[in-house]
Amino acid sequence: MGQMQEFTKGIWKENPIFRIMLGMCPTLALSTAVDNAIGMGVAFTVVLLGSNVVIALIRNIVPRQVRIPCYIVVIAAFVTCVDLIMHAYQPKLYEALGIFVPLIVVNCIVLGRAEAFASRNPVLASALDALGMGAGFTLAMFVVSFIRQFLGTGTVVLFGHVIVPRAFFQPATIMILPPGAFVTLALLMALMNKISER
Amino acid sequence: MEVRDILMTIFSALLAQNFVLYRIIGICPYVGVSRKLESSMGMGMAVIFVVTMAGAVTWCVQKYLLDPFNVSYLQTVAFILVIAALVQLVEMFLLKTSPTLYTALGIYLPLITTNCVVFAVAVLNIREGYSFLKAVIFSASAAAGFSLALMLMAGIREELELTGLPRSLRGFPIAFIVAALMAIAFMGFSGMRL
Amino acid sequence: MRDAVRLVGVLLAICVVASGLLAVVNAFTNERIEQSLGEEANKLRTEALVGAGKEVKFGEPKKVGSLTCYEGAVDGKPVGIAFTVTAPRGYAGPIEIVVGVDPVGERITGVRIINQNETPGLGARIVQVNPGEDEPWFLRQFKGLAPDRVFIKPKGDVDAITAATVSSNAVTEAVRQGFEEFLKAKKAQRGSQ
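Chains as they are written, first to last, in the numbering used here: chain A, 1 to 198; chain B, 1 to 194; chain C, 1 to 193.
To be clear, the hints were calculated from the coordinates, so they are not data collected in a lab.
As the structure is a prediction and not an experimental result, all values here were calculated from the model.
There's no promise every hint is true.
Distance ranges between label pairs, derived from CB positions [what the hints assert, rightly or not]:
| no. | chain 1 | residue 1 | chain 2 | residue 2 | range |
| --- | --- | --- | --- | --- | --- |
| 1 | A | 12 | C | 3 | 40 to 46 Å |
| 2 | A | 63 | C | 115 | 44 to 50 Å |
| 3 | C | 39 | B | 158 | 53 to 59 Å |
| 4 | B | 68 | C | 192 | 22 to 28 Å |
| 5 | C | 39 | A | 122 | 27 to 33 Å |
| 6 | A | 12 | B | 185 | 34 to 40 Å |
| 7 | B | 71 | C | 191 | 46 to 52 Å |
| 8 | C | 60 | A | 12 | 56 to 62 Å |
| 9 | B | 161 | C | 39 | 42 to 48 Å |
Below 30 Å or equal to it, Euclidean Cα-Cα: the simulated BS3-like pairs (lysine-lysine) are [to be verified]:
| no. | chain 1 | residue 1 | chain 2 | residue 2 |
| --- | --- | --- | --- | --- |
| 10 | B | 63 | A | 194 |
| 11 | B | 96 | A | 92 |
| 12 | A | 92 | C | 62 |
For every residue, glycine included, the Cβ atom is placed at its ideal position computed from N, Cα and C.
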């Protein structure tokens, strides 16, 4: 596969949320506001990039029998770094994301890419794979959170800038509650199924 | 610790703040294993077993290893390793002592390592500052809540298999819509007082 | 046997490297984290006493009854005392609240929420700021109230949030009880001096 394709496949064809359907917990739980969604997307991409690169680097030294625990330690280390740095420099975002920052360590996508890709591909390809998957994840989070925030609060605010002005309808609070998350993702997935059916 | 506190902890973790339908944790196994009622029961039992133990063990790790040496930042690494090792041990133990139980639960055990619920419960026990007893009760109740949601979902999905759904809705989409309806139902539990 | 040693060795080596890296990152970020926690607490206390944007100097925390109180001063002049109370039963858990009081006039100067998990769009409106305003309207109601007015209408002067009576009640109760305890303990202190 050409280098660029390693990157772009993560965005549409092998989008981790809509196509591979892994790691949906943060997509559902943190898509209540666009700010949080993007914050999580960035944090996730950083962890994925770091772990993919390191695992690709050590892939020939790690014996097969202990590879999973080794990968997990690497991932956990990056998650902790991101956790500490976010807590120090973005405390508001840190509080909003709550327990989902450390939960990145058990995110199926991260370990999945490590096992399926980084453990058998060179560093550059693994890095591109990580960036692509991260971008796809962030894109999915952005779309879901945009819909939920708009229907649930009537307006969308991005880093303090109101990008969708107050709507004419009374917002449906249920959209920013768990049921709204499930329904939004369900309908988006169904839509994507329909599109790829043709 | 008074009885009311214990009951509230159980009630909250099991129903009002159900891990799957309120906190939205543990979705992957939730939609992945809930196709058949029987496998859901197996997974549910395994989860309750592992999560309760993991909650207890990680609490001790935090109290006797991480806190005294002031290395709380190693929590993520330590906890995930402990959980992975614990699951491995449980699997080996089951294989040796009860082959029947192993055949029933064994296949689900490796899946539980990356189950968000185990790790989330372990971290929450510490973040909420629970005592050991409360941590164990919380862990068991949270896992029971997960299993409950899982079995309810499996029951519904088994019936759904027999209907004629549009192709694009089959699989995950309809599962999530069912989850949405269940989440709305469970919202009825919040705000209850004892 | 040699294989087992190699397996464990690699895993151990990775753990050591990871731990080392984390120790370094922790050393870098620890101070900043402590600092920002302190900053946030100060910011809320300032707002509870004089509103946002002003420079308030706080003294050392002193115990009044069971409350940990911080005395605030602007340009050397005392502007009130701030303490924290917790409403144990909000709709979705405890709510942490900062209450600012004027001990001389025995009135509330302001209330701010530190931590809450209430339902967005309903109970969470205790911190909702209407466009164009600078503080949550629900909390603004507490300003200038004497303890006997800190009740939901019609018993007192506080308008509850529609469809969020549990959250409104929890906050009001906690604020009033904290205020009453403060005044009682202050009187006791003065009495024993």
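These are the hints, each one checked on the structure:
no.	hint	verdict
1	A/12 <-> C/3: 40 to 46 Å	holds (43 Å)
2	A/63 <-> C/115: 44 to 50 Å	holds (46 Å)
3	C/39 <-> B/158: 53 to 59 Å	holds (54 Å)
4	B/68 <-> C/192: 22 to 28 Å	violated (41 Å)
5	C/39 <-> A/122: 27 to 33 Å	violated (45 Å)
6	A/12 <-> B/185: 34 to 40 Å	holds (35 Å)
7	B/71 <-> C/191: 46 to 52 Å	holds (48 Å)
8	C/60 <-> A/12: 56 to 62 Å	holds (59 Å)
9	B/161 <-> C/39: 42 to 48 Å	violated (56 Å)
10	B/63 <-> A/194	violated (52 Å)
11	B/96 <-> A/92	violated (49 Å)
12	A/92 <-> C/62	holds (28 Å)
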